[in-house]
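Asker: The chain contents come next:
Number of protein chains: 4
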Amino acid sequence: MSSIFSGTALRLSVFGQSHSEAIGMTLDGLPAGIPVDPEELQGFLNRRAPGQNDWSTPRREEDRPEFLCGLKDGRTCGAPLTAVIRNHNTRGKDYEQLRILPRPGHADYTAQVKYGGFQDYQGGGHFSGRLTAPLCVAGGIVLQMLKRQGITVRARVLRIADVEDESAFASSVAEKQFPTVSDEAGLRMRKAISDARREGDSVGGIVECVIRGVPAGIGEPMFDGVENRIAQLMFAVPAVKGIEFGAGFAAAGMRGSENNDEFCLSDGQIRTRSNHAGGILGGITDGEEIVFRTAFKPTPSISRPQRSVNLETMREETLAITGRHDPCIVPRAVPVVEAAAAIALSDLILGGKKAWN
Amino acid sequence: MSSIFSGTALRLSVFGQSHSEAIGMTLDGLPAGIPVDPEELQGFLNRRAPGQNDWSTPRREEDRPEFLCGLKDGRTCGAPLTAVIRNHNTRGKDYEQLRILPRPGHADYTAQVKYGGFQDYQGGGHFSGRLTAPLCVAGGIVLQMLKRQGITVRARVLRIADVEDESAFASSVAEKQFPTVSDEAGLRMRKAISDARREGDSVGGIVECVIRGVPAGIGEPMFDGVENRIAQLMFAVPAVKGIEFGAGFAAAGMRGSENNDEFCLSDGQIRTRSNHAGGILGGITDGEEIVFRTAFKPTPSISRPQRSVNLETMREETLAITGRHDPCIVPRAVPVVEAAAAIALSDLILGGKKAWN
Amino acid sequence: MSSIFSGTALRLSVFGQSHSEAIGMTLDGLPAGIPVDPEELQGFLNRRAPGQNDWSTPRREEDRPEFLCGLKDGRTCGAPLTAVIRNHNTRGKDYEQLRILPRPGHADYTAQVKYGGFQDYQGGGHFSGRLTAPLCVAGGIVLQMLKRQGITVRARVLRIADVEDESAFASSVAEKQFPTVSDEAGLRMRKAISDARREGDSVGGIVECVIRGVPAGIGEPMFDGVENRIAQLMFAVPAVKGIEFGAGFAAAGMRGSENNDEFCLSDGQIRTRSNHAGGILGGITDGEEIVFRTAFKPTPSISRPQRSVNLETMREETLAITGRHDPCIVPRAVPVVEAAAAIALSDLILGGKKAWN
Amino acid sequence: MSSIFSGTALRLSVFGQSHSEAIGMTLDGLPAGIPVDPEELQGFLNRRAPGQNDWSTPRREEDRPEFLCGLKDGRTCGAPLTAVIRNHNTRGKDYEQLRILPRPGHADYTAQVKYGGFQDYQGGGHFSGRLTAPLCVAGGIVLQMLKRQGITVRARVLRIADVEDESAFASSVAEKQFPTVSDEAGLRMRKAISDARREGDSVGGIVECVIRGVPAGIGEPMFDGVENRIAQLMFAVPAVKGIEFGAGFAAAGMRGSENNDEFCLSDGQIRTRSNHAGGILGGITDGEEIVFRTAFKPTPSISRPQRSVNLETMREETLAITGRHDPCIVPRAVPVVEAAAAIALSDLILGGKKAWN
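Protein chains in written order, with this note's numbering: chain A, 62 to 418; chain B, 62 to 418; chain C, 62 to 418; chain D, 62 to 418.
Just to be clear, a hint being listed does not mean it is correct.
One-sided and incomplete, this derived list gives chain B residues near chain C with beta-carbon spacing under 10 Å [as the list claims (entries may be wrong)]:
no., residue
1, SER67
2, THR69
3, ALA70
4, GLY274
5, ALA277
6, GLU281
DMTMM-like cross-link-like pairs, simulated, lysine to aspartate or glutamate; straight-line CA separation at most 20 Å [as the list claims (entries may be wrong)]:
no., chain 1, residue 1, chain 2, residue 2
7, C, LYS252, C, GLU225
8, A, LYS252, B, GLU225
9, C, LYS252, D, GLU100
10, D, LYS208, D, GLU100
11, B, LYS237, B, GLU227
12, B, LYS208, B, GLU319
13, D, LYS252, C, GLU227
14, C, LYS237, C, GLU260
15, B, LYS252, A, GLU225
Here are the computed distance ranges between Cβ atoms for each label pair [what the hints assert, rightly or not]:
no., chain 1, residue 1, chain 2, residue 2, range
16, B, LEU326, A, GLU319, 27 to 33 Å
17, C, PRO96, B, SER228, 28 to 34 Å
18, C, GLU101, A, THR374, 35 to 41 Å
19, D, LYS237, C, ASP256, 53 to 59 Å
Hints in this document: simulated from the structure, not taken from any laboratory. All residues carry an ideal CB built from backbone N, CA and C; glycine is no exception.
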């Protein structure tokens with residue numbers, strides 16, 4: 062696999078399988094001296110953790126990272142920072158039947174082809190959504206660093222099934238357990254989730270992320286621009302099938318005169334009148350809000366019977382997935398999107414080349 | 062900048078500015094012995110070249126690459142392959158006025174902030190769409206390699222302005238000058254482009270790419286899966302603002318029971334009944350067609366007056382862009398999308414780790 | 062820091078500090094299905110472990126790695142492989158005095174400058190020789206893989222202080238506790254170590270490594286040839302100050318007619334009559350033994366009084382290092398050299414590009 | 062191959078073959094605004110160019126780089142900087158006989174195995190020493206940048222055959238055509254070269270490099286420390302077979318009390334009394350001179366008859382190399398060593414992580 066990311070300044074290693082001894086991450090390249098507040102980190106991780114509400118899997122994991130190294134007296138010490146989370150609440154037998162009957166929409170089949178039967182199939186192995194927990198540990202740490210620089214990264218549920226949140230983003234979503242701007246839309250989304258669950262089905266959705274406070278001049282085009290980097294990291298999150306920045310796909314239907322963001326002066330600062338670019342021009346930040354949306358497919362694990370092919374007998378069979386599964390992972394994906402975006406951005410900020418002087 | 066891409070097996074360096082002596086590329090990591098047919102390559106490059114029809118800029122460039130090294134007797138020799146294209150038809154004076162008055166929607170302003178005034182602003186410098194020519198040289202070469210392995214990469218214009226092509230892809234688009242499945246839709250798209258041009262405006266669109274013949278098992282998750290890799294390269298193409306794989310954003314509105322692609326047997330092979338996954342599960346190919354769509358914003362260079370800020374006087378001014386510009390870059394972007402996808406895929410195929418035996 | 066290595070096929074993350082909760086490593090990019098024998102691995106690690114004889118520090122650590130993930134039923138499963146070793150026998154108070162009085166020959170001072178006082182100074186932190194334990198875990202695993210391919214990596218103590226081993230290498234050193242070809246030279250080396258220890262001093266030495274069974278054609282010049290890669294990894298080992306391949310520095314005094322290895326036929330195979338090249342021509346293996354030598358400086362931690370500068374008072378002071386230290390790390394470095402070489406070679410073998418066919 | 066180097070901040074692509082249309086390099090990641098003086102660069106390149114004296118090959122090449130892009134008004138513009146040198150004085154027929162009869166000490170045989178006969182064998186192809194010209198273009202540019210920061214990189218011939226220069230380095234070598242401290246030793250070295258040439262043979266030697274003005278705190282251990290990085294780049298230079306830093310191999314014979322560099326105060330600055338470490342502790346600079354030595358094997362191309370194996374008939378044959386070859390490449394390697402060291406150092410300085418504040 063290729064689960065070590067080498068960025069401009071940061072390197073991130075994510076390891077573990079759904080049912081291995083532990084999962085974890087190593088983050089290398091952070092400057093020494095960055096304060097890490099474990100309480101604040103835990104609060105961030107709790108937003109992703111399952112089993113805390115009515116719309117996610119009842120599997121309960123503490124997701125309490127143990128820091129093995131890289132911190133000294135509450136600050137980064139310059140050495141690689143490693144944290145692990147033990148896997149406790151694993152129920153291997155749930156998955157025994159799936160070894161030879163790949164679940165539609167999952168990586169069971171592609172892993173079998175690629176890893177020749179040696180892959181860890183239990184709980185999806187390294188492909189499990191559980192691996193977003195270490196991603197959130199890394200993200201939670203750099204989010205604290207960014208916050209000290211006046212940068213906030215905030216995401217919300219923009220859509221679930223056919224329910225859309227208000228179009229205008231509001232940072233007030235940060236405090237909400239179910240992060241939508243409109244509480245009414247949020248209630249309808251939760252109902253859509255409950256309905257799907259009751260019918261043994263699942264729903265997908267869209268997460269929108271807004272990053273404020275990033276100065277102009279961040280990003281390394283052509284291949285490591287802000288969009289390249291965020292996209293590369295976002296597709297590491299299971300179930301992500303699309304990403305768009307600013308007006309995104311809607312820009313395809315616009316005229317240039319509509320879509321172009323004219324420059325203006327505001328309090329003596331160069332700003333743009335609109336933000337269809339999502340804060341990024343030529344792969345480089347322009348000082349406006351960075352805005353992007355990520356599409357999540359519906360959770361593939363559903364209890365409704367599905368057809369599959371038995372890899373041993375090579376015959377078609379009907380599969381009924383049991384076990385504990387989220388009918389919708391979108392609400393829990395909100396902090397994951399923030400984490401991945403924060404890692405991408407921190408990397409570009411820390412590694413940013415400046416003009417010579 | 063970061064215009065050297067380091068993949069799993071391939072490294073690609075893209076260099077040049079719109080008005081520098083030359084632009085070009087170096088591709089390293091190709092096995093020795095791959096045949097390169099220069100005629101076929103030129104045919105591919107001509108699909109991107111400007112000035113050959115009524116919907117693009119009248120600036121005419123030959124885009125005829127000179128190979129400096131890396132080939133011997135028509136085959137790769139294992140050493141880095143470098144090709145350059147001389148810049149001839151440059152009209153520097155067109156851009157003099159733009160030095161201090163950044164064009165909305167362009168990287169003029171962000172480059173100024175990042176490179177402190179040292180950037181080459183002429184014609185957009187390294188940010189120019191002209192830099193997609195060397196990308197196509199690299200892509201055209203690996204496309205030939207892929208074709209010998211039975212892999213075809215084909216894109217089409219799915220949408221321009223508010224005109225959509227037929228939903229079903231057909232490989233017959235390959236032969237068409239204006240690559241849409243429906244010729245009638247193509248005609249309406251061309252009209253939308255002409256209308257925009259006449260009004261001093263521009264339009265955007267969507268390119269859809271379909272890759273056939275890729276075996277199951279290609280891709281290196283988490284960070285170098287097929288989607289991560291294609292997305293990272295696609296955002297190196299100017300004007301791209303979004304990408305989605307398979308059902309993409311539409312999957313957000315589906316139920317799991319709809320979106321999941323059930324496995325079935327076809328001629329003794331494991332296949333899927335539908336292809337909402339776009340041929341990719343867990344970042345790894347499943348043997349179905351790889352399908353993705355890329356959103357292009359409307360060309361930012363329009364002749365209609367726009368507001369901007371003079372960087373010297375720090376006052377708002379009105380800007381009128383003259384010079385030669387495509388009212389829509391989407392048709393010319395079709396081979397560029399194919400090139401970027403082919404590079405991403407070749408890299409993962411060449412560098413693919415297999416199970417041990 | 063930069064403690065994640067990204068090779069051609071493998072990625073290696075080494076983490077931990079001398080006195081952190083744990084040290085460990087993550088190895089990513091190994092094919093699935095490689096058998097890992099934990100007994101054999103432990104035997105390899107024991108060769109590096111301290112406190113097992115009269116020539117090393119009495120600090121006793123079990124160096125028993127716990128595998129957190131990446132293995133299934135005794136084989137690699139394709140996912141990143143992570144192993145950690147808990148730090149138990151730590152005596153933090155030994156180092157309190159050193160916080161402001163940097164030890165000559167150590168990284169105490171350079172770490173202070175670079176990490177601004179936030180570094181973990183205890184026991185040398187991430188710079189400690191203890192970090193070679195996770196390097197040996199990674200190396201021990203790939204050594205097993207190489208052995209199955211008929212490749213052996215064997216090192217010996219070639220020199221300690223002024224005592225030299227026999228010039229001709231013999232693989233019989235593999236079974237010896239003190240790995241020299243000549244037992245008599247080994248005894249004299251051990252005496253040199255004892256003498257140094259008794260006098261509160263230390264000695265350095267040279268380790269020679271011989272790799273057999275590597276086929277011709279491995280290595281990726283210019284920048285990832287066999288020599289580049291082995292050298293890059295070898296200088297990650299504390300105390301290494303030089304490396305030479307084949308005749309090495311002695312080649313500087315030779316004539317071309319002496320140094321060139323003429324090609325000949327042996328059992329129908331192309332071989333060379335001599336091996337001054339150390340098995341590498343143009344960065345690529347030629348099928349002969351790979352031979353290189355690594356110079357280790359004497360352990361900087363000595364109990365004899367030394368002068369240093371107090372970083373708080375900015376006055377010169379005399380420093381007396383107490384605590385437990387090896388008077389010579391060279392014997393324990395032998396498996397470390399094997400490990401680093403095995404990682405370098407495995408990476409190039411797994412990632413090797415072949416000619417096209 | 063792997064002829065694109067990805068460092069901490071810089072990426073360097075070196076391309077071309079001895080007899081291809083051109084050779085060249087792309088350097089990416091330099092900040093915008095760095096002045097490049099072409100005269101000064103040419104002066105540097107002339108130190109490497111052949112045919113200018115009595116000790117090198119009479120093949121004359123201008124080695125006058127054409128900059129294709131990356132510069133604007135004499136300064137870097139932030140975009141990749143590409144320069145090419147055309148190959149003119151090529152005599153392909155010299156090499157026809159070598160296609161099937163590999164030269165001892167050259168990469169002819171290993172290239173044949175690796176690239177399956179598709180390699181460019183003429184003049185050694187990509188393995189030719191001629192490829193050090195683009196390395197010197199890149200090095201010459203960053204040397205100018207370093208000089209503006211008060212950093213000088215100076216190398217000298219320390220040894221040729223059995224003739225040694227004075228042990229103490231003196232920066233006066235910079236002005237000399239034959240860079241030795243002792244002119245008398247230089248004369249004897251030139252005689253050793255002439256003797257070898259007359260006898261149809263060649264000699265090797267050692268180049269010593271001294272870097273002054275580097276502040277403490279540069280280098281990214283474990284894998285990208287100063288030694289790792291310099292070593293990785295130095296082994297990209299043909300004929301290099303060894304490298305040592307500071308006391309190097311001699312440290313192996315020292316006691317710790319001898320080898321350790323005690324800290325002291327000098328003009329209120331922390332310095333060391335000696336410099337056996339060669340300015341590097343734990344992979345990080347300590348503010349002292351960086352000192353290293355590189356061993357070059359004798360030029361493998363000699364006119365004396367040598368035995369080889371005909372790859373077509375698979376019979377041993379006698380080979381007599383004709384054509385133009387340096388009897389000793391060491392004097393011309395002096396600027397190459399400076400170039401490679403300057404690239405390594407610039408990369409670490411530009412990409413250097415600092416403590417957080």
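Asker: So, for every hint listed, does it hold in this structure?
Answerer: Hints, one by one, checked against the model:
no.: 1; hint: SER67; verdict: 9 Å, holds
no.: 2; hint: THR69; verdict: 8 Å, holds
no.: 3; hint: ALA70; verdict: 7 Å, holds
no.: 4; hint: GLY274; verdict: 18 Å, violated
no.: 5; hint: ALA277; verdict: 15 Å, violated
no.: 6; hint: GLU281; verdict: 8 Å, holds
no.: 7; hint: C:LYS252 - C:GLU225; verdict: 13 Å, holds
no.: 8; hint: A:LYS252 - B:GLU225; verdict: 34 Å, violated
no.: 9; hint: C:LYS252 - D:GLU100; verdict: 60 Å, violated
no.: 10; hint: D:LYS208 - D:GLU100; verdict: 15 Å, holds
no.: 11; hint: B:LYS237 - B:GLU227; verdict: 15 Å, holds
no.: 12; hint: B:LYS208 - B:GLU319; verdict: 33 Å, violated
no.: 13; hint: D:LYS252 - C:GLU227; verdict: 35 Å, violated
no.: 14; hint: C:LYS237 - C:GLU260; verdict: 27 Å, violated
no.: 15; hint: B:LYS252 - A:GLU225; verdict: 34 Å, violated
no.: 16; hint: B:LEU326 - A:GLU319: 27 to 33 Å; verdict: 50 Å, violated
no.: 17; hint: C:PRO96 - B:SER228: 28 to 34 Å; verdict: 50 Å, violated
no.: 18; hint: C:GLU101 - A:THR374: 35 to 41 Å; verdict: 37 Å, holds
no.: 19; hint: D:LYS237 - C:ASP256: 53 to 59 Å; verdict: 45 Å, violated
When each numbered hint is compared with the structure, violations occur for hints 4, 5, 8, 9, 12, 13, 14, 15, 16, 17 and 19.
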